[in-house]
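> Could you build all of it, start to finish, from the sequences and the hints given here?
Protein chains: 6
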Amino acid sequence: MKIKVINPNTTASMTAKIGAAACAVASPGTEIVACHPEMGPAAIEGHYDEALSVIGVLDEIRKGEVDGMDGYVIACFGDPGLLAARELAKAPVLGIAEAAMHAASFITMGFSIVTTLERTRGIAQALVDRYGMTRFCRQIRTIDLPVLSLEDGTEAETAVLQECHRAMKEDGCGAIVLGCGGMADLAAPLSQQLGIPVIDGVGVAVKFVEALAGLGLGTSKVGELAYPTSKPCLGMLSAFTRST
Amino acid sequence: MKIKVINPNTTASMTAKIGAAACAVASPGTEIVACHPEMGPAAIEGHYDEALSVIGVLDEIRKGEVDGMDGYVIACFGDPGLLAARELAKAPVLGIAEAAMHAASFITMGFSIVTTLERTRGIAQALVDRYGMTRFCRQIRTIDLPVLSLEDGTEAETAVLQECHRAMKEDGCGAIVLGCGGMADLAAPLSQQLGIPVIDGVGVAVKFVEALAGLGLGTSKVGELAYPTSKPCLGMLSAFTRST
Amino acid sequence: MKIKVINPNTTASMTAKIGAAACAVASPGTEIVACHPEMGPAAIEGHYDEALSVIGVLDEIRKGEVDGMDGYVIACFGDPGLLAARELAKAPVLGIAEAAMHAASFITMGFSIVTTLERTRGIAQALVDRYGMTRFCRQIRTIDLPVLSLEDGTEAETAVLQECHRAMKEDGCGAIVLGCGGMADLAAPLSQQLGIPVIDGVGVAVKFVEALAGLGLGTSKVGELAYPTSKPCLGMLSAFTRST
Amino acid sequence: MKIKVINPNTTASMTAKIGAAACAVASPGTEIVACHPEMGPAAIEGHYDEALSVIGVLDEIRKGEVDGMDGYVIACFGDPGLLAARELAKAPVLGIAEAAMHAASFITMGFSIVTTLERTRGIAQALVDRYGMTRFCRQIRTIDLPVLSLEDGTEAETAVLQECHRAMKEDGCGAIVLGCGGMADLAAPLSQQLGIPVIDGVGVAVKFVEALAGLGLGTSKVGELAYPTSKPCLGMLSAFTRST
Amino acid sequence: MKIKVINPNTTASMTAKIGAAACAVASPGTEIVACHPEMGPAAIEGHYDEALSVIGVLDEIRKGEVDGMDGYVIACFGDPGLLAARELAKAPVLGIAEAAMHAASFITMGFSIVTTLERTRGIAQALVDRYGMTRFCRQIRTIDLPVLSLEDGTEAETAVLQECHRAMKEDGCGAIVLGCGGMADLAAPLSQQLGIPVIDGVGVAVKFVEALAGLGLGTSKVGELAYPTSKPCLGMLSAFTRST
Amino acid sequence: MKIKVINPNTTASMTAKIGAAACAVASPGTEIVACHPEMGPAAIEGHYDEALSVIGVLDEIRKGEVDGMDGYVIACFGDPGLLAARELAKAPVLGIAEAAMHAASFITMGFSIVTTLERTRGIAQALVDRYGMTRFCRQIRTIDLPVLSLEDGTEAETAVLQECHRAMKEDGCGAIVLGCGGMADLAAPLSQQLGIPVIDGVGVAVKFVEALAGLGLGTSKVGELAYPTSKPCLGMLSAFTRST
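From first to last, the protein sequence lines stand for chains C, H, V, X, B and A. For the first sequence, position 43 matches number 43 in the numbering used here, and the numbering has no gaps at all. For the second sequence, position 227 matches number 227 in the numbering used here, and the numbering has no gaps at all. For the third sequence, position 71 matches number 71 in the numbering used here, and the numbering has no gaps at all. For the fourth sequence, position 51 matches number 51 in the numbering used here, and the numbering has no gaps at all. For the fifth sequence, position 208 matches number 208 in the numbering used here, and the numbering has no gaps at all. For the sixth sequence, position 153 matches number 153 in the numbering used here, and the numbering has no gaps at all.
Rather than coming from a laboratory, the hints here were simulated on the basis of the structure. Keep in mind it's a predicted model, so treat the numbers as computed, not measured. It is possible that some hints are incorrect.
Repeated chains share a single entry, so a pair holds when one copy, or any two copies, can fit it.
[Claimed, not checked] With a Cα cut of at most 35 angstroms, we get these calculated DSBU-like pairs of lysine-lysine:
#, residue 1, residue 2
1, Lys90, Lys169
2, Lys2, Lys90
3, Lys2, Lys63
4, Lys169, Lys221
5, Lys63, Lys169
6, Lys90, Lys63
7, Lys63, Lys221
Printed below as a string of structure tokens:
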């Protein structure tokens, strides 16, 4: 089984970290193909960045379909382009926010999310609502540091730990959902330090894609997620033209 | 990895069917232990039946903890006793309604449920709402035949097929969720006949428990799902007494 | 009119307190039959305890139907087994959480609940949502003491009073709903001390059952709450077998 | 105990019918004072009529407070002026829509409302939502005849019966809520004809006010329903001026 | 184009302030007719006041229809009588709470409301929900001073400024909605002091009525907002009788 | 005042139609600049098309900011890129779905949407929910013809008319919202034929942008819609790099 794990931003160190997290949990027969797009923003910290990243995500899905991938993971906590990506693929496509929140709802009645920039709180909240997780999400917490600060280590990691402690004390949560693909390496150590499950969406998404693909379940091609209709796409996006 | 798949009713033929469905999808390293309780109703067709079945489910979880199970599946579409079972176990516990609906939300924007008796519609609807799947569930449909009619074959199977066709036409759904553990053997043939994903919760629940256990994620013991507090349990339930 | 008031736990002193509260408000022509089951947990402090208590509640309803009761009250704030009990009875069955919250919504735009253990907060919240009281419930507050601490008096009573004061100040509530059958004796003194209505569900449930029964209104036997279908119930639960 | 039952429109025959329904269910010690305002519309069939009726309702509450009433019922299915009335009174005030819907939620998982004019459907729906009854209300049905057609008998009564039959068949409801004070005399015969509970809000409201008043529970004077603040009221409304 | 701006209370100084705010933003071709009713309360600080004010609002709409107005603004933050007023008019009718909240949702993902008395918080919250603004409204804040204190200047203005600062800091809001017609003159200075948009509903409502009327859009006379049906209105409200 | 009206697809005839509709309603002092992007899909009929169109929308906003626009309209009923566009601009930015739905909620209690392809129903429903219009939207109806069929005239127009008639009869709606920028020319004739308001979002959006800009209200730069943070954007999207 081949699963493509797409880091939607163009920062290679984050792709490496995400790839490592995916490989660490993959089943024996699973091949992880970690990548990032050739185009797009270096980090995703708002609606504008997200919109720009989607082009690259779709490009990777398109190429993945040619390469016969059995499933995809979109490894940014905003799950950018998730529904558009599903239109392109018959294989299952999961976002890491989606996977992490659903998994959390299986093991606790209340989780808190710890993410990066304050300005992305609304994006996370919209996903919580869209996935039906409103009742399970106690709080969204931010360290208010840029996404790429996670690549530099200590300061951001300390801030995440502190926010997790606050979440346990103030929100009464039973688990933590990490709100950034760049935190994939923090789940294990944090879980040990805190004594409650700390959930990294990259790992969960890989396992859930394995589960779905293993069951022969892929994106339904009837209804809203059917393949895109044929039509020209102009200008610099001409490679995205769909023809029957 | 050992996963206990509990059929909450006491009908052995249904346990066999559920067990077969679980074994069919289990990963190489997974051992499936299918069982049903020693006590309780022969089928679950309402709140009263469900309440009675919970005692048996909890009994099986209790024994499973002694036997060192790595996860549990509650294989009745009402997910009876799910939260009580989670209090008893540190391993992950999934209900088949829960697993099926979440999986459906990963591959379509709208699913319909096809279940047995009309009178259980409200129970299914309450689960849809509790799991946050309101937005994804287009319709709950019933064949209005008893649960055990599924053990007799043709009539019930035909009714399920007809209702699936109606769901596709009238609800515009992109996938079907089968609303009874006793339908576990119908998912594959129906999926072929209908041309859309048909989801049996038994299979999904086994794979998702494998996924969670594989990630080291189990029920959070902090908060609402912590182990039950110590106290005597009197009369014929004395075996359920908890002591520190 | 005979109303059976069922304390779902097996602690006799709490049954006595609940029975006294019921008798104190019953109309001249009403006979109160207070009881607790022969089996089950000594207190109800979570999902596991609740599931175990339901067997006893159903047993008491079953016997009550033989004795020709005109209505029932389930006197634990989790309203355990309420819908299953309604399936068994044609007479009205009310839970004390249900009764108290509805009454509160008749006399204030915002009430707070004061209950016992922190871990049961989620159970109370689920009831608030199920009964449609989300808009009226400002806050659920806990003293975080075990249920049976209410039988010992002062410490728990003081904690309840303090939490009520906090509720008035911080939640801006117009009334308090007491979140435990064991607090039935506190409503009157607290109401005087606080100067706002303090609502004990036992009293309200008795009066509402009187009201419904007086109007000839009982559980609808059409739909989800119809009598349970006939089927064997095995093992130690064989007494719960239903036959036509 | 004296309960004032206010018909908010100025049609005397409807007041008589409502008064009779109230007297029929009142407890031995309860005195029913049925009335209608001296001013306002002859029937209430929309927002404009409702707004005009509120002045009269408030006038009757104001006089009732002088007369020492122990509780009030507002006997129009739109519950006009309910919250304003509660500000004026310390005694409990119930609307018949409110009372009927809450009672219905105690005895069935799904009720349908049968009311008069199609154009008032939205008013009924807003009350369903405001009272938290969204989950319990299966459908609002209208006979699309004017309110006062109920005073003329046969045609309207036949239409109500037909709509009830449709509700049972198409909505799967377990009880009917009658959506007009002028239908108070239809509950008993319809209930017999249909074989499910048919709920008239006048009767329920009287019994619930008896229940609350019997428990010493009245409108909370802390918060949103506190007595109106002192201030002049000019012109033809000068009688409504509040002074400390 | 003639737009009638109705101050629903009877305080002339507030009418003057509201009229000035309306004139300041009106387009060249727009004539503003500011007024208050001849009857009703001097300020609106609860449900009772609001109910009384509606008579006057409807009277002004009735006269406005005779005078050929092209649109109406109801300039009290409770939007009293809005739906009843719409029944009377074919021209568009907007409330200032409605206009302000919708405008806020066009320019920010989260606004806070700053209003006067604490006891009116529930009225504001009900409007937030009715208009679908629940997701956009971060917080409702009150200065807990009477409405007419705004006519006296400094103390109330300072309190509003302080509450706006708190809203920015504690709620993370991107805009402020002023919660009283009497604050119409504060929007501009506050906006400068705070550095975020501060929205006065009077201005927005005037511009939105201009927009709708300019597009030829008025209240739909099909359905719930159709003209009131003919019927006598008795007593001191006889002037409100509707005849075909 | 200069308002840029962006047709997010690359079909010139649709841009012309949208531009004409905008000019027809613009105030004397308003200059309409109608355009479509240089890149992207010829029509928008799903999530994939929408994602691709956003790049072009952002490109036009970016250029518009250089050109000193006073406001923007995104003239596709999916409101593609609305929040990303708002991050880029301080001037107000409105989508036509957003504008049309809000306007509809000002003049009726229930509207129906008539749009093109069945597969875009979910996109429209998600917007209804996001804008808080769930309570006002009675139904979403589709003619199930491609977007560009509207450019060919008769067949699509007839289908729209038929669906409007069905909406009036079956949904009881008081107004129609046209669900495609390419229907901008149909609002006036349909409104005359149907006798209820038919709302084209292009016209409303232009007038609402005029209203907001006239009041000095633009996108709040505090919070979620602040300017995008500086960072490189790689590859073919390098023109979208943001630097301080």
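> Of all the hints given earlier, name the ones this structure violates by number, lowest first.
Checked against the structure, no hint fails, so every one of them is satisfied.
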